[in-house]
Amino acid sequence: MAKKANIKKDKVKKIVIDKSKSIIDAPSGMFSDKINEPFAHEMIVSKDRSENLTPKQRKRKWKSMANYFSANSLWMLMYCTGCCAIELPQAMTSRYDMERLGMGPMATPRQADILLITGYLSLKTLRRLIYTYEQMSEPKYVVGFGPCTLNGGIYHDSHAVINQLDQYVPIDLYIAGCMPKPEAVMNGFQDLIDLIEVGEATGWKDYHARYEWYKQNQKEALGEVMIHDEFHE
Amino acid sequence: MMNSTNRPGMNEMVNELKARFNVEEVTFVQDHEAHVDLHRKDLHEALTYMKQNGFRQLSAVTCIDWPNEKIFQLIFNIYDWSKGNRFIFRVKIDREEAMFTTITNIYGGAKYYEREVHEFFGVVFEGNDSALKQLFLEQWDDLPPLRKDFDSRAYSDRKYVKREYKTSFGEKGGEPFERN
Ligand code: SF4
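Top to bottom, those sequences are chains A and D. Mapped onto my numbering, the consecutive letters of the first sequence carry residue numbers 238 to 470. Mapped onto my numbering, the consecutive letters of the second sequence carry residue numbers 2 to 181.
Simulated from the structure, these hints should not be mistaken for laboratory data. From a predicted model like this one, the values you see are computed outputs, not experimental measurements. It is possible that part of the hints are untrue.
DSSO-like mimics (lysine-lysine), calculated; alpha carbons at most 27 Å apart, straight line [said to hold, decoys possible]:
#, chain 1, residue 1, chain 2, residue 2
1, D, LYS160, A, LYS456
2, D, LYS149, A, LYS361
3, A, LYS361, D, LYS134
Chain A stretches covered by chain D per the calculated footprint, using a threshold of three residues with CB under 8 Å from any CB of chain D [to be verified]:
#, region
4, 360-371
5, 387-397
6, 400-408
7, 460-466
Listed below are several chain D residues computed to face chain A (Cβ distance under 10 Å; list not exhaustive) [to be verified]:
#, residue
8, GLN135
9, ASP158
10, TYR161
Backbone N, C-alpha and C define an ideal beta-carbon position, used for all residues, glycine too.
Extracted from the complex, chain A is given alone in its bound form:
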């Protein structure tokens, strides 16, 4: 009993907050106990260093904080394409419970952060997917499920579906398996969260940077990205 109390005391000592400092100067223990991670390292600010921060360093610090918070509040757009989607209900419901990772379903692309592309995409779907992706507000992340999004999978020689999704929209993470089991899906979500935390899920920045290239590819496969059907006329 006595031993336990000692350990606790140690920890408490580390997390003493100097209230005269702004919130970014708070010690790392407040936000994360994974001190060895690069992100957490950023957050450790000693009294001396914080006084000598250049504007650039200050900005970086704010950014790492923003990454931390967006990684812990993710809204997933409920838009499913291929058969991989059948594993999402398990991931969402009580058995695997996606919400314990801080992820929730969202019905509209305008308020969603994550676009899950669950399998093959026909040209007709790809058009609507590009509409959807461009409507989402930034930062936004795309996860590709299964080999169908990677190289066409078992539909690699079909006239109807595209082969390589990252030619048309940027992908941050692929999840393996045809279809990926819920464990793999959850694992993938955890990986995505880690990527966002360290600021490496930068697909949406790539979409800005190479916009012309993406548009060119889209045009080559689709002819025209604009949708002409009964509902859009």
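Assemble the complex: chain A is given as a structure, and chain D with the ligand must be docked to it using the hints.
Chain D with the ligand in isolation, oriented as in the chain A frame:
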């Protein structure tokens, strides 16, 4: 395959059809299901007759491509809910000049089936102008894809970027995996 069945309504219906129309062949696939090959001129009258006699549901319209015989075979699948019987009418049309008269004034639901058959096989249905519009394949730029002479893989290779791998998988032709 059977030549007759004891199911109520089936034999009577087949006999009626044989008496009235130019029926080429009848095969019973199951107790409650018969395939009827008809001459294409008789199809509309036969469908009208069937609809008046209980077959109120059109379950599907589809098509089979026979490139060697140079024909398309149109398939009309109808169902009688009161008796649980199913009839499948098949007619042959010319492959080069693939035209048929619409059945939308008998079964309204055929509108979209005909549109699909037009899209995937290129069959034109006279009297159903909406069938000429695109449905699944938007801005399609090749042969209708379910024709047998359409090469799906060549189209895919031409149109979609393939991922390139530095390692070649399977070049060794399935060399046995060594266990230790
Ligand atoms: S990867 Fe497999 S399960 Fe997923 S969409 Fe493709 S074929 Fe279906």
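So, going through the hints one by one against the coordinates:
1. D:LYS160 / A:LYS456: 11 Å, holds
2. D:LYS149 / A:LYS361: Distance ~23 Å between LYS149 (chain D) and LYS361 (chain A) Cα, so the pair holds.
3. A:LYS361 / D:LYS134: 14 Å, holds
4. 360-371: holds (count 3)
5. 387-397: holds (count 8)
6. 400-408: holds (count 3)
7. 460-466: holds (count 5)
8. GLN135: 8 Å, holds
9. ASP158: 8 Å, holds
10. TYR161: 4 Å, holds
Violated hints for the displayed structure: none, as all numbered hints are satisfied.
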